[in-house]
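S.K.: One-letter residues, chain by chain:
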Amino acid sequence: AQSVSQHNHHVILSEAASLELGCNYSYGGTVNLFWYVQYPGQHLQLLLKYFSGDPLVKGIKGFEAEFIKSKFSFNLRKPSVQWSDTAEYFCAVNARAEAAGNKLTFGGGTRVLVKP
Amino acid sequence: SQTIHQWPATLVQPVGSPLSLECTVEGTSNPNLYWYRQAAGRGLQLLFYSIGIDQISSEVPQNLSASRPQDRQFILSSKKLLLSDSGFYLCAWSRMGEANEKLFFGSGTQLSVL
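Line by line, the protein sequences give chains A and B. All residue numbers for the first sequence refer to this note's numbering, where the first residue is 1 and numbers rise by one. All residue numbers for the second sequence refer to this note's numbering, where the first residue is 1001 and numbers rise by one.
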């Protein structure tokens, strides 16, 4: 079974600071990787995903994530955050070999607070 | 466009009472459907998923059950709630087929069992 760990539970930073959220997974097979975000008062939504090709994935709102297979990591980055990036961020993984459904295993989430 | 509805938004129930949370999806057919739970301070845990009517898979042993009486309806139930059932429950759907399809989440139900 897969497991996902996110290193930081809470991150507080100022506008224009750079953001990096760590995510490591454990699974021996090929995986698909996701970052989901939940803005205050909104539904959980997809930020970006990786399933093949270039390990540097670009998502919405200037976010990117890099898949490093040797480190089992999929860290999320943004060079310069805005107040509107305040949200909870979830890393998730599923096994590509799954025959049915898209059963994601989520990390514990990281709450990011950007101070204006 | 597709939408997902989940209700109620909040629920306070006594221990031992029954539970029924409902989720419906509009604008798509044959979706995969999911129930997740987020306990306080923890990540989302997959409880059930369904790839078709009356086809339910349970991911963790628990006091809850799920049913899919119609293609776009997914119900989470319990006959007798426990304190440990408290949490935030999320319904989600994805397009059938590929494991890299993204999930679309509902707005969630905050359940407090007292």
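A couple of the hints might just be wrong.
Said to hold, decoys possible - Capping the alpha-carbon separation at 25 Å, the derived lysine to aspartate or glutamate pairs in DMTMM-like fashion look like this:
hint, chain 1, residue 1, chain 2, residue 2
1, A, Lys103, B, Glu1101
2, A, Lys61, B, Asp1054
3, A, Lys61, A, Glu20
4, A, Lys69, A, Glu20
5, B, Lys1102, A, Glu15
6, A, Lys58, B, Asp1054
7, A, Lys71, B, Glu1022
8, A, Lys71, A, Glu15
9, A, Lys103, B, Asp1071
10, B, Lys1102, A, Glu88
11, A, Lys69, B, Glu1026
12, A, Lys58, A, Glu20
13, B, Lys1080, B, Glu1101
14, B, Lys1079, B, Glu1101
Derived by calculation from the structure, the hints in this document are not laboratory data.
S.K.: With reference to the structure, classify each hint as holding or not holding.
M.R.: Checked hints:
1. A:Lys103 <-> B:Glu1101: 10 Å, holds
2. A:Lys61 <-> B:Asp1054: Answer violated: lysine 61 of chain A to aspartate 1054 of chain B is near 39 Å, above 25 Å.
3. A:Lys61 <-> A:Glu20: 14 Å, holds
4. A:Lys69 <-> A:Glu20: The hint holds at about 18 Å.
5. B:Lys1102 <-> A:Glu15: 29 Å, violated
6. A:Lys58 <-> B:Asp1054: 38 Å, violated
7. A:Lys71 <-> B:Glu1022: The hint is violated at about 40 Å.
8. A:Lys71 <-> A:Glu15: Violated. Lysine 71 of chain A to glutamate 15 of chain A sits at ~30 Å, over the 25 Å cutoff.
9. A:Lys103 <-> B:Asp1071: 19 Å, holds
10. B:Lys1102 <-> A:Glu88: Given pair lysine 1102 of chain B, glutamate 88 of chain A holds - Cα atoms ~18 Å apart, limit 25 Å.
11. A:Lys69 <-> B:Glu1026: 38 Å, violated
12. A:Lys58 <-> A:Glu20: It holds: about 14 Å lies between the C-alpha atoms, which stays within 25 Å.
13. B:Lys1080 <-> B:Glu1101: 35 Å, violated
14. B:Lys1079 <-> B:Glu1101: 33 Å, violated
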